[in-house]
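Asks: Each chain, letter by letter, is given below.
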Amino acid sequence: MTKPPPSAADVRRLLASRKIEKVVVLGANGTMGYGSAALFTQAVPEVTFLARTKSKAEAGLGAAVKQVRSPTVASRARVGSYDEDLAPAVGAADLVFEALTEDFGVKQAIFDQVEKHRRDDSIVATVTSGLSINALCEGRSESFRRSFLGLHFFNPPNVIVGTELVAGNETDPEIVAFVEAFARVRLGREMVRTADTPAFAGNRIGFKVLNESAQLAEQFGPLLMERLIGPYTGRALTPLATIDLVGWDIHRAIVDNVYENTSDEAHETHKLPDYMERLMEKGVLGNKTGRGFFYRDEDKKPHALDPKTGDYRPVSKVKLPDLSYIDDVASLYKEGRYGEGMQIFLGAEGDEAALARKVVAGYVSYAFHRVGEVTETIDGIDRIMGLGFNWAPPSVLVDTMGGAAAAAEMIARADVPVSKILEEAAATGKPERFFHHPRINEGRFFVAG
Amino acid sequence: MAIGSEVYVLGGYQTDFARNWTKESKHFSALMRESVLGALETCAVAPEEVESAHVGNFAAELYCMQGHLGAFFTEVHPAFSGLPTGRHEAACASGSIALLAASAEIEAGRYDLQAVVGIEQMKTVSAAEGGAYLGTAAWYEQEADGIEFPFPKLFGRLGDEYDKRYGLKDEYLAEISRLNYDNAKLNPNAQTRTWYMNKEHALCRTDDNPAVGGRIRIADCSQVTDGAVCVFLASREYAERYAKGMGLKLEQIPRIRGWGHNTARLRFADKVA
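Protein sequences, first through last, are from chains B and C. Per this note's numbering, the first sequence starts with residue 164, numbered consecutively. Per this note's numbering, the second sequence starts with residue 9, numbered consecutively.
Bear in mind the hints are in silico, worked out from the structure with no lab data behind them. The beta carbon of each residue, even a glycine, is placed where N, CA and C say it ideally should be. Keep in mind that a hint or two might mislead.
[What the hints assert, rightly or not] Here are some chain C residues pointing at chain B (derived, C-beta under 7 Å):
#, residue
1, 24
2, 27
3, 33
4, 34
5, 37
6, 42
7, 168
8, 192
9, 195
10, 199
11, 204
12, 206
13, 212
14, 216
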């Protein structure tokens, strides 16, 4: 039975229950470090940027100022190094926020320091996207275990509001409730509680789709996959362009973590394609290395990878099959006719449309299968996919397809497992609608590009 | 003044003003469709019950190469085909006078249920081009033609005039910005709800807060965006039936208690004379 959300009175009581006036960000020179630190300065009068050296911390502060385009970040910030400043800063902090590299050993070392110097009543949060919250605080003091949780912002946090909140087995529920209220009300976050499972909710589901698209790119080519799993399927940024943006190394870390530590009904879709492993050894990592699934030459002409050979060829030389159904869908989306557009997609003929439906069916199926495992209900998954990944939430796709029966039929036809939730809803006709967030415009997810 | 029917506001729907509909490759009609369908659902009004619609819009001809916006309302649902509709323009007050016109018709007993849509899509062009279009709300030839961002400059002149008459400190303007942005953070539909702002920023004089019109800086400005709102206005007779059907008391439905309508002279000099 899902707990009802806290009342306004509860939220006010929670917010009044403790002060967050000093926050320390560890790893403040990294992207998530400085981005999170900038976010904290919106609500916290003193945010201390710490890194291995003071100059790295200063660089982080500079990056934070640039990211939110305000010099006033600096008036709320202090900078320092771990050696000189961690002890006093952590000793005075109300909240310690860890954003170091995604390495268990590195994080353990810094938590050793935090544990030594923190106040007993301070909160310790980690922005980890892949490591287990319980594993990170195992063997630590009772006070640390009670005060420790995952606070997974998405990048960049000044734009993306979806945030995962992951409690450890022994985290004090009042602290979890406080952080949830604080992040929602004072930092403007969309808070989603998830279980402490590999990659939590958003990345677990999102990277399944991204990796599956990468797997299929080997046979069908990146350009075709980008077109097939394009904006009309409910996303602004296409899957392979997303992997290029995130970085192939980050992508690998996430899917390896899931592949090694889970065994669900779509396990093989998390296996990193061999061709990506080979290319990474040659230094191909996506946008940060100037080359990924795509790159632009000196004349700015776009090139696409041929996964089989590892070579690139001009996009203009790649011939795609007739995909006019996508234009038909986009024309309808352009006028806000999302249901009608979706019907065109569901009924489009040809192997390519079927392949696109298989991947989209896989997304919806995978999401609904994770209910009870990564979140309590589909609602959390919907909100993190919508406001963390900026993808059409699975429930929005189900509703736009015409409801559970239509979605179940589409998923079964694609030879993908339907999930108990959708099967039951299809049989009973309830709920008639899955997505109930009047303040989240469903139309924003259906891009007509 | 004759007293006609009271005018009730049943409710409505607003799109998320942070959305950039051009980035979503959406047409003007998508804004219309989402706001009207959203209002129908929110208010539990059947399309067949709507008797007329008024659309308020300032400059779709410029931003979207599209006029005849009243007819776009009829595109939203088959039941709206043939509906009496029209578009009103009064610069920034376009939506307000659409509401006034609709409520006047209800007072006159012409209709019992009206839809009123306020709709604008302004992110279709660059800031400079959009700035020029906005200048058509001034006397374009005399006050905007050839001037970059004419409207912020006019507000800058207004600030100077106010300062001359009553005194005006930058910190007061900054306090207004702070308050507006703080309120935006509480509004799930607000354009700027994730933007970084505080009073110190509103007062800062760096490139992060450039001047756009004399004393007016970017932090002082509400910036253009895209959005649509649809509300339903009803006569007392309809509102009574509606309240009963919704399990409400009539007194729980908001009612328009009064209105004022004043059009100032166009040129700045005449406005402040």
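Asks: Which of the listed hints are broken here?
Replies: When the structure is compared with the hints, numbers 7, 8, 9 and 10 turn out to be violated.
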